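Those protein sequence lines, which keep their order, are chains A and B. Residue numbers for the first sequence follow the working numbering, so the first one is 94 and each next one is one higher. Residue numbers for the second sequence follow the working numbering, so the first one is 94 and each next one is one higher.
Please keep in mind that the hints were generated in silico from the structure rather than gathered at the bench. In this text, all values refer to a predicted model and were calculated from it rather than measured experimentally. Built from N, CA and C at the ideal position, the CB exists for glycine as well. A few of these clues could be false.
To be verified - Which bits of chain B does chain A cover? Going by a derived footprint, with three or more residues having C-beta under 8 Å, they are:
no., segment
1, 143–149
2, 161–174
3, 298–305
4, 340–351
5, 390–396
6, 460–469
7, 478–491
Stated by the list, open to error - With the C-beta cut set under 7 Å, the calculated list includes, among others, these residues of chain A facing chain B:
no., residue
8, Thr165
9, Ala299
10, Ser391
There are 2 protein chains.
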Amino acid sequence: MKAEIISIGTEITTGSTLNTNSYFISNSLLEYGFETTHQTSVDDNIERLKKVIEIALDRSDLIITTGGLGPTEDDLTKETVADYLNLKLKKDEDMKRKIIQLLGKYKNIPKNNFKQANLIENSKFLKNTVGTAPGIYLEHGDKTIILLPGPPREMEVMFLNEVIPNLKKNDIKIIKKSINLTGIGESLVEEKIKDIIKMYDDIEVATFGKIQGVEIKMIGRGSDLNILENKINHLQRLIDTRFTDKVYSYNNEPIEKIVFELLEKNNLKISFAESCTGGLLSSKFIRQSGISKVFDRSFVTYSNKSKMEELNVSEETLLSFGAVSKETSIEMLKGVLNREDTDLAVSITGIAGPRSDSTNKPVGLIYVSIGNANKTITKKLEFNGNRRSIQDRVVDYALFEIRKFILNNY
Amino acid sequence: MKAEIISIGTEITTGSTLNTNSYFISNSLLEYGFETTHQTSVDDNIERLKKVIEIALDRSDLIITTGGLGPTEDDLTKETVADYLNLKLKKDEDMKRKIIQLLGKYKNIPKNNFKQANLIENSKFLKNTVGTAPGIYLEHGDKTIILLPGPPREMEVMFLNEVIPNLKKNDIKIIKKSINLTGIGESLVEEKIKDIIKMYDDIEVATFGKIQGVEIKMIGRGSDLNILENKINHLQRLIDTRFTDKVYSYNNEPIEKIVFELLEKNNLKISFAESCTGGLLSSKFIRQSGISKVFDRSFVTYSNKSKMEELNVSEETLLSFGAVSKETSIEMLKGVLNREDTDLAVSITGIAGPRSDSTNKPVGLIYVSIGNANKTITKKLEFNGNRRSIQDRVVDYALFEIRKFILNNY
């Protein structure tokens, strides 16, 4: 069963809004056995939208649109779909009452809001528990058409609560597994698994190059989940054996999660001292729930003064070597380690750009130190890129280095 | 001139990778007068890719693909485009030498890497200064077809350095301007600018609902840039007058930039004390270059112990009211304000979830305090959502509140 996601809106096609909806829906659909082969975005133009719907109905079985269900005049998804399929729209009185209830606190409800109470014949509403625009579920011939609102917060809740339970059971089961490698290039990985790629017809194996390594992705399709699982497990064992020390994660579990688990397993607490990344490492880490088991504080010391006052970096070191130096990075690290309650510390200092500091050291020069009471390592890095990408890459780099440090020292 | 972006790769269509390429390209194209009406993603399947190219050639003038230029066997974009257009591929010896040079450090270069040296007849290579896969620029009849690599770091540099200078001058000029409002709903905004929307045929005015407000976007199309500019400026003045106190930004300049500029203008320094957001506010702020003028340090105090040790929150307060309370949030704030070198401070404490703390207060309960030496305000919030969305929303909320605080008090 082929699925297609259609994102409707000029804000998407002109690059005002990043399209996270297609990503979310495709990813979720795969888990329920529906494979997305096409994603299409089209601007708010009735003729082009009609054509896009025509093309989708021709090549896909399940069509999910997002956007264009709002209260404004250029929200035309429902109207266009109804028109293309020659189906009538009629006002649903229940829905109208609900909208009045929801917007009751405003004195005058703009007339356009009641467009959202219109229902396509033979379809049913999908409840919106976050905003006012209900979704639409419609079966037409052997095709299923689902219209969802554009705002991700509304769409995601509706998708999980209202769409998934409505999807017909799929005879074809899909199962996927990824193996994440670091410290090796994509084409070398592919060479090493040439035989594995071709081993089973019903298991597709593909490699994807990532910034910090390579993902080997396996997708199995068939009617028997057990058989698929056994085959994928077999391939995984083969891959694991060939890349032992390179495998760091499965199913794209992010490196911060891997680090979290390693810390927890070794009963370690960690703290960060960040200069040019300004809390980015800490905030990425703290996205995870339960993090208090391994983390209790961090320091963002952007200025020289704050490095001295919060982390006891000496003025002499700052004057002789500069804030971006091995020496400062080590003193920042010691400053954190000398606090109570941490076993492991990481410091980051560098020049994220776009301009250098007074020392004229190059933009992209970064020092990362990692250490515990007994051992300290410092890495000097030179990254290309803009401020944002340098900040992102050093945080990623630091997380991979923390993993190595724990594996080597505990 | 209608543009279409085609993103090729199963990692996109199955939701493994977020498609930032279409977003980046559409946005950049608009600045050069090319309007993207369609974005299409298709999986690594030759037949479907061919069909997608056929559809794009039928409806669009400029077609830019990303992905499928890598060294692996499922990278088939160049081969498929050449095949569909009946054009030959031939090995370019210069490019082959460059690849050997680039990959020389590896002992055995996998044979597949040399696929990247193949050139479609009548096309030219676009230089890749970041990775090994060169792009392709091809004019075919009155259509322009451009093939770019998938990794954003490679694609973005190539797009800016190699694609933009190659694009033919466009007779139709496009000019855009956005006005960002906060504290008002989308349909009310639309009602209030009904006449403005219809004022000029060549200026399209549309509204987009955002989490913290509404964007009014104006796009002008025509042959004379001056005329368009005058009309857009006229509309902007009208809109500014109607929504005086609601306008906080233009052209989607992010709230952190607005806050940065307000701080700079008032010669103020700010510091943050973050618990449940773990450095997210700080890191968002520090993405901006030149930030040292208004910022020198921040504290991530996740545990009770760290709140006491770093910010002097009293044990009594924590015991009587809990870490998530107005009282703790104010003491965190005072703790920051009592440090040197800050005029303004912000503290955030709350329960981002997914579980509550020992007090069983609800997930999503957040206290944000903002203050200076003379005045403190505290806001109590109750957000729905998951951990990540709660963290994001409170950071956004705090930034809007900082803006208000500065406007009201300086």
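Numbers of the earlier hints that this structure fails to satisfy, in rising order: 4, 6
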